[in-house]
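Going down the list, the sequences are from chains Y and W. For what it's worth, my numbering labels the leading residue of the first sequence as 1, then goes sequentially. For what it's worth, my numbering labels the leading residue of the second sequence as 1001, then goes sequentially.
The set of hints was computed from the structure by calculation and includes no laboratory data. Because the structure is a prediction, the values reported are computed rather than measured. There's no promise every hint is true.
Stated by the list, open to error - Stretch-level coverage of chain Y by chain W, calculated; a stretch enters the list once three of its residues show a Cβ under 8 angstroms from a Cβ in chain W: (1) 138-145; (2) 150-156; (3) 268-279; (4) 327-335; (5) 346-352.
Don't be surprised by glycine CBs; every beta carbon is placed ideally from N, CA and C.
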Amino acid sequence: MTTISKFLKKPVSSLFLSVFCGFVTSFIILAITGYSPFEVASSLFNGIFSRPKHIMNVVIKGMPIIFTGISVAFAFKGGLFNMGAEGQFIVGTIASLIAGSIFDLPPFFQVLVVVVFGTLAGTLLGGLTGFLKAKFGTHEVITGIMFNWIALYISNFVVSLKNFHRPNSNSTFPMKDSGFTGLRGNLGFLKDSFFSDILKTEVNVGIIVAIVVAIFVSFILNKTQKGYEICAAGLNAEAAKFAGMNVYKNTIYVMMISGGISGLAAALSITGTSPHSISILAGFENNGFNGLSVALIANNSPIGCIFSGLFFSGLIYGGKSMQSDLKTPSEIINIMMGVIVFFVAVARIFPIIVDRLLKRRQKSNG
Amino acid sequence: MDSFLFVLSTTLMYSAPLIFGALGGVVSESSGVINIGIEGIMSMGAFVAASVAYFAGDPWLGFIAGGIAGGVLSVLHAVASIFLKADQTISGVAINFIGSGLSIFLCGLFFDGKNVTTSIKNKLPKIFNNSNFSVDVTVLISFLLAILIWFVFYKTKWGLRIRAVGEHPATADSLGINVRGIRSCCVILSGFLSGLGGSAVTLAIVSQFSPFCISGQGFMALAAVIFGKWKPLNAYLACVFFGFSQVLSIVFNGPESIFPSVILNTLPYIFTIAVLIIFVGKSIPPKANGISYEKEV
C-alpha cells in the first residue's frame, strides 16, 4: 500500500475527488453543449459568494436539507433507508401550519407549540413506517414512497379546506406571526456594517438549531449505549438480536427519531421563511429527497451533513444565478449532483486505480 | 358492460408502463443487483422516445430508442455496482438524479429551451380502438414480455443461472457460471425494459415528454417488484392492481362524488400498504440481492 493510495483511502480525500469529478463531468457536458465552462463556473461562484446576502441565502435554503440529511443519515446508521423523509417533511409542514393558525399564544410559546406539533407529526409518520417494518416486514422504502404520496395529497386537501384556504389563491392563509422564527429584528446592530444586506434576507434560527441537532445526534450515535445499539443493529441485525438487543423496538425508535428530525425541519422552515403558508403541490419539492444526497455525500455523518447540505444548497442557489446570467438550464445542477453521488458510490475505486498504475510503472521500471 | 370495459381498458393503460419498469426490476434484482434508479431510467426513456419519434416520424423507432437509452444509462449502474463494488442503493439514487436531470436538460437543448417536446403526430397503434374500449399495443407487448421472462426464468437454463447468481453467487461461480457477465446483462436488460416503460408513457398514453410525465411510476414499479415477490407474473399482476386502484380514484372522482378527493387520491397508496401488510407478509428477496460479488482467490 503506497502513501498515495493510503491518502485516497481516507473518506475525506476520496470525497473531494468525487466532488471534483462531478464538477469536471458537468463542465464537460456544458462545454459539449456550447456553454463556456469558465463563465458558468464564475457565475456559479459569484452567485454564491459575491455578497453576504447570497451566502446567507445559501445558509437559509440549506437549513431544511441539512435537517433531512441528518434524518436520513441517522436512519442509515440504524440500517434503515428513510425514503419517506419527503413525506415526513410534508406532514410536519401541515401540522405546523395548523398549530400556528389555531393557537394564539405569546411569541415564545407559540413557536414552541408549532415546532412541537411539526416534529410530532414527522415522528408519528416515521414511527408508523418503522412499526410496519418491525411488525409486518413491509419494506421501509416502499412504505416510505407510498406515505410520501399520501402526505402530498393530504397537504393539497388541507389547502382546499375552507378554514385554511385563502380565497382566490392556491395556498392557505399564513400562520399567525407570533409563530415566526425570523431573526431580522434581533440583528439591527448590523445595519451600518458590511453585513447590512443580510437584513434583506429571511435570516432565522433554523441553522442554529440544525447545528445543535447535528452535534446532539452525533453525540448519541457515538458516545451513548443507545447509539451503540442502533449502529450494531444497523450493521448486523441478527448479531445484535443474538447479543440481546431489541431490534424490533430499535427499528421503531430509529424511524421515529428520523421522522421527527424531518418534521422539525419542516416546522423551522415554515416558521422561518415566507410565505409561512402551504401551497398546492403539483409534485414533490424534494426537501426530503435532497436530504438523501446530502446524507450520502456526508457519508452519513450528522456533522458532515451541515457541510454537504450547505454545498448542495449552494449549488441550487448558485444554479439560479447561472440560469439568469447565462441561460444555462438549471437541470445541470441535478446532473452535477447525480454525478457527484455516483462518484461517492464508487469512491472505493480511486485507491485501487492508483495502486494498479503504480504497480504497472514499477514493473516497467524493473 | 360499457363501464366495465372502460375500467378494464383504463386499468390496462395505466399499468402498462409500470409493468415494463417492474419487469426490469425483477430481471435486475433476480440476478442480485438492486435497481432503485428505474424512475430516472424511465424519464430518460420517455424523453428519448418522444424526441426520436418526433424527429424520425416513426413511433416504433422512438419506442426502441427509448429502450436503448434506458439500457445505455443503466450501463453506469452496472459498471458501478458490479465492477466497482459500489453501494447499489447509492448508485441507484445517482442514476435517478442523472436520468431526470439529463432528460430535461437535453429536452431544452433540442427543443429551443422548452422543457416539453413537440407533440408527435402518430402515437403507437392501438389493438382495439372503440370509444370505451381502447387498448394500446404496449399493453400487449408488456403482457408478452412478462410471459417471455417467466418462461426464460423458470423453463430455461439461462433463467436458472440468473436465479443462481442472485441467490448464491459463490456456488454459481464454482460451477463455472460467469457471475459478473450475467449480472451485467441483467442490469442492462433491466434498463432497456425500464426505458420501454418510459416510451410507453410518452408514445402511447400522452404524446410528448414533459418534466412531470414520469412522476413516481418508477417507484411504483419498484413497489410492484416487492409486492410480486420478485416473480415476473406476480409483479405483472401487482402492476395491474396498481393500475386498477388508480382507475378507481378516477372513476369515483367528480363534483358529485360522495368521497372527498383526498381519500380517492390516496387510495392507490393506502391499498398498496394494506395489501403489503395483509397478504404479502415478509417478502423475501433473492439472497444475494444488493451484495456485490467478490471472487475469493
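query = Can you list which hints this structure breaks, lowest number first?
reply = When the structure is compared with the hints, only number 3 turns out to be violated.
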